[in-house]
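Chemist: Turn these sequences into a full structure, and let the hints guide you.
First to last, the sequence lines map onto chains A and B.
Counting in the UniProt record's numbering, the first sequence runs from 1 upward without gaps.
Counting in the UniProt record's numbering, the second sequence runs from 1 upward without gaps.
If you are wondering where the hints come from, they were derived from the structure by calculation, not from laboratory data.
Glycine is no exception: its CB is placed at the ideal position from the N, C-alpha and C atoms.
Residues from chain A that keep clear of chain B, each with C-beta distances beyond 10 Å, as calculated:
#, residue
1, E11
2, A36
3, A44
4, S119
5, H136
To give an idea of the interface, some chain B residues facing chain A are shown, with a C-beta separation under 8 Å as derived from the structure:
#, residue
6, F23
7, P50
8, I160
9, Q163
10, P169
11, E170
12, L174
13, R247
14, N250
15, E251
16, R255
17, A285
18, M286
19, D287
20, E296
21, I301
Covered stretches of chain A, as calculated for chain B (at least 3 residues, CB under 8 Å):
#, stretch
22, 78 to 87
23, 104 to 116
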Amino acid sequence: MPLFENGQIMENGWQTAQEGVALPEGDVLVPLSRLAEGLGRNGAGRLGVVLEPADRVESLREALPRLDLVCVTFGSFRDGRAFSQARALREHLHYTGALRAAGHILPDQYEFLLRCGVSQVEIPQGSDPAFWQAAHTRFTVAYQPSVLDEKPEGTGLRRWLLS
Amino acid sequence: MPKLLQSTLPVGRYAYDEVDRAFLAQRVEQFRDQVARRLSGALSEDEFKPLRLMNGLYLQLHAYMLRVAIPYGTVSAVQMRTLAHIARRYDRGYGHFTTRQNIQFNWIKLEDTPEILDVLADAQMHAIQTSGNCIRNVTSDQFAGAAQDEVLDPRVHAEILRQWSTLHPEFTFLPRKFKIAISGSAQDRVAARFHDVGLIARQSEQGRPVFEVIVGGGLGRTPIVGVSLRDDLPEEDLIAYLEAVLRVYNEYGRRDNMYKARIKILVQALGREAFLEKVNAEFAAMDRSRYRLPAEVVEAIRARFGAPAFETLPDGAESLAAQCRADREFAAWVSTNTHPHKQSGYCSLTVSCKPAGGIPGDATADQMDLLADLADQYSFGELRITHMQNVVLGHVRQDQLYALWQVLQANGLGTANVGLLTDIIACPGLDYCSLANARSIPIAQKLSARFADNTLQQEIGQLRLNISGCINACGHHHAGNIGILGVDKRGEEAFQITLGGSTGDDASVGQIIGSAMSEDETVDAIARIIDTYLVRRNPGERFIETCRRLGAAPFKDAAYATV
Numbered sequence: 001m002p003l004f005e006n007g008q009i010m011e012n013g014w015q016t017a018q019e020g021v022a023l024p025e026g027d028v029l030v031p032l033s034r035l036a037e038g039l040g041r042n043g044a045g046r047l048g049v050v051l052e053p054a055d056r057v058e059s060l061r062e063a064l065p066r067l068d069l070v071c072v073t074f075g076s077f078r079d080g081r082a083f084s085q086a087r088a089l090r091e092h093l094h095y096t097g098a099l100r101a102a103g104h105i106l107p108d109q110y111e112f113l114l115r116c117g118v119s120q121v122e123i124p125q126g127s128d129p130a131f132w133q134a135a136h137t138r139f140t141v142a143y144q145p146s147v148l149d150e151k152p153e154g155t156g157l158r159r160w161l162l163s
Numbered sequence: 001m002p003k004l005l006q007s008t009l010p011v012g013r014y015a016y017d018e019v020d021r022a023f024l025a026q027r028v029e030q031f032r033d034q035v036a037r038r039l040s041g042a043l044s045e046d047e048f049k050p051l052r053l054m055n056g057l058y059l060q061l062h063a064y065m066l067r068v069a070i071p072y073g074t075v076s077a078v079q080m081r082t083l084a085h086i087a088r089r090y091d092r093g094y095g096h097f098t099t100r101q102n103i104q105f106n107w108i109k110l111e112d113t114p115e116i117l118d119v120l121a122d123a124q125m126h127a128i129q130t131s132g133n134c135i136r137n138v139t140s141d142q143f144a145g146a147a148q149d150e151v152l153d154p155r156v157h158a159e160i161l162r163q164w165s166t167l168h169p170e171f172t173f174l175p176r177k178f179k180i181a182i183s184g185s186a187q188d189r190v191a192a193r194f195h196d197v198g199l200i201a202r203q204s205e206q207g208r209p210v211f212e213v214i215v216g217g218g219l220g221r222t223p224i225v226g227v228s229l230r231d232d233l234p235e236e237d238l239i240a241y242l243e244a245v246l247r248v249y250n251e252y253g254r255r256d257n258m259y260k261a262r263i264k265i266l267v268q269a270l271g272r273e274a275f276l277e278k279v280n281a282e283f284a285a286m287d288r289s290r291y292r293l294p295a296e297v298v299e300a301i302r303a304r305f306g307a308p309a310f311e312t313l314p315d316g317a318e319s320l321a322a323q324c325r326a327d328r329e330f331a332a333w334v335s336t337n338t339h340p341h342k343q344s345g346y347c348s349l350t351v352s353c354k355p356a357g358g359i360p361g362d363a364t365a366d367q368m369d370l371l372a373d374l375a376d377q378y379s380f381g382e383l384r385i386t387h388m389q390n391v392v393l394g395h396v397r398q399d400q401l402y403a404l405w406q407v408l409q410a411n412g413l414g415t416a417n418v419g420l421l422t423d424i425i426a427c428p429g430l431d432y433c434s435l436a437n438a439r440s441i442p443i444a445q446k447l448s449a450r451f452a453d454n455t456l457q458q459e460i461g462q463l464r465l466n467i468s469g470c471i472n473a474c475g476h477h478h479a480g481n482i483g484i485l486g487v488d489k490r491g492e493e494a495f496q497i498t499l500g501g502s503t504g505d506d507a508s509v510g511q512i513i514g515s516a517m518s519e520d521e522t523v524d525a526i527a528r529i530i531d532t533y534l535v536r537r538n539p540g541e542r543f544i545e546t547c548r549r550l551g552a553a554p555f556k557d558a559a560y561a562t563v
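Modeler: Pasting the structure below:
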């Protein structure tokens, strides 16, 4: 499924590890349980990790400098744990690489994802990319600090969203 | 005539500017788009539901219900007229004040809602986060900025929390709803111990506020009195600390069972110490400077609040006493419906929305307009909705009370029952709500009619009677000195009685005294419980005190005496 990043639709060049199958060549996303295997992989290709909602972000602390992608997942768009995971990756672990959101997500949540530190989303099957495009520039102001450290507007709590 | 408003800032609430207006306009457009996507099928009902709930739109038994946010319960006369207009134009001519100091309209059409949100936005109002699994409307003291016993006006910090929590990127899809109340008085009038987070502010020696943070209280299916996490939270860490509490809740709160998903269940499961440890660990690890709330930000937001331009008046107690001696009905009203003010010559008054035999919390569009006019004339254009579902005029001159009371009397708003038995809290019940087991309104009306006699009510004294139509407890039955809980008894509506609940500093959870009875049997049983109290009480003892001294047994015997 295509990715959406910085207002652009992009191709997803990453493969996802299949259960019971050896890790492929190239850029691959592994579950947390196969992180060691991924790190020990020989040959070219970048490594990413998929976090399930119940996974602890802290468990990535050591491996993080060697990862090129972290993907947080939504089993349901109503389960907001991935927002906290994304924010913790940026704020607690100071992760600066690519941070993807995948699973059941809505364009209506795009602003929240970005402000929690997500940099790219995997557009779910059947979701119209036009709604994601619209969501990208929809809002200009927010009322609280976020990990993006947006520019404060005036002296109150407000922040400008679009730089 | 009292002086008109001295400034353009609305008294007691935050004034929007162009940036706030633009924010609301963008959000209304988003909702209009969501409604269109729902109607076109691009959004499934399952996907649309949380989005409409984020904008206060419920689907009830017979129609959509729209719940409009009234931050910290404070509303201007202009806004009240807007609410009256919505009641007339889009509903059936009335609205219902809720226990979260909001107002809801029960007969709304889905396709009208974007337009209603436009009308609200024009009046600096919205319905954002009045529902859904997010941080709900922040409630506060109905006598904020007025009460003699107040340390500081909590509404500035309530506004800060409103802003901080509005479409918070991390906390908009929590395990369950999250309710915050804030008090600026040691006398807790906000039920801080029955909230997900209750905050009690006081002044530090350095002149800035500090807060006690109470967490994990609540009613609903599992009523629990909250636990105090700390009582020394500095103002500058208010947002950071709440971030930490919410992060722990978002990460660890249960998501497998919606009835066990509130933070109170998490706090109980972990225990206070383990929960506190997690919060403290997060608080220590976070980038504190990012979330710091500097005094200048607080002051910038405070500067957007209007303040009442009080006149210098002598204390009016003596002439008020003379008026009371001359008119006993007025005297009864003054004794129950007024509250002492910090400014000499003024008082706060509560307009009861619970007339004899009426529906608790309902107000007609005409009454809303009248209240708006009275607020303009007598109380600096400011009104407050109380969590008891009444309306407060916060700053009324004592020497104008009598004239004001006569207008209220003439319009069915002069009932002298605030804090008495017929000041009933009731949820909408099975008349509206798809969750309810029983109708709350008819039994409330019967009790209200039964105990309407003011002399009798005054004799009974302070008593909280709360009614919920199901165990979700929107009528806060557990928190009532007497609670009534609607249940389904073999397909019939029936009611259980609870005794001993209380909010405030002595918070306690009411306990069920026995099996459910029919509506009429319940009304009779409550009459016998009251009789027992009147016979058994010690001089000066309130109902709740007699209850605690004697235990439930004599009341239970009385309740089931003839059943």
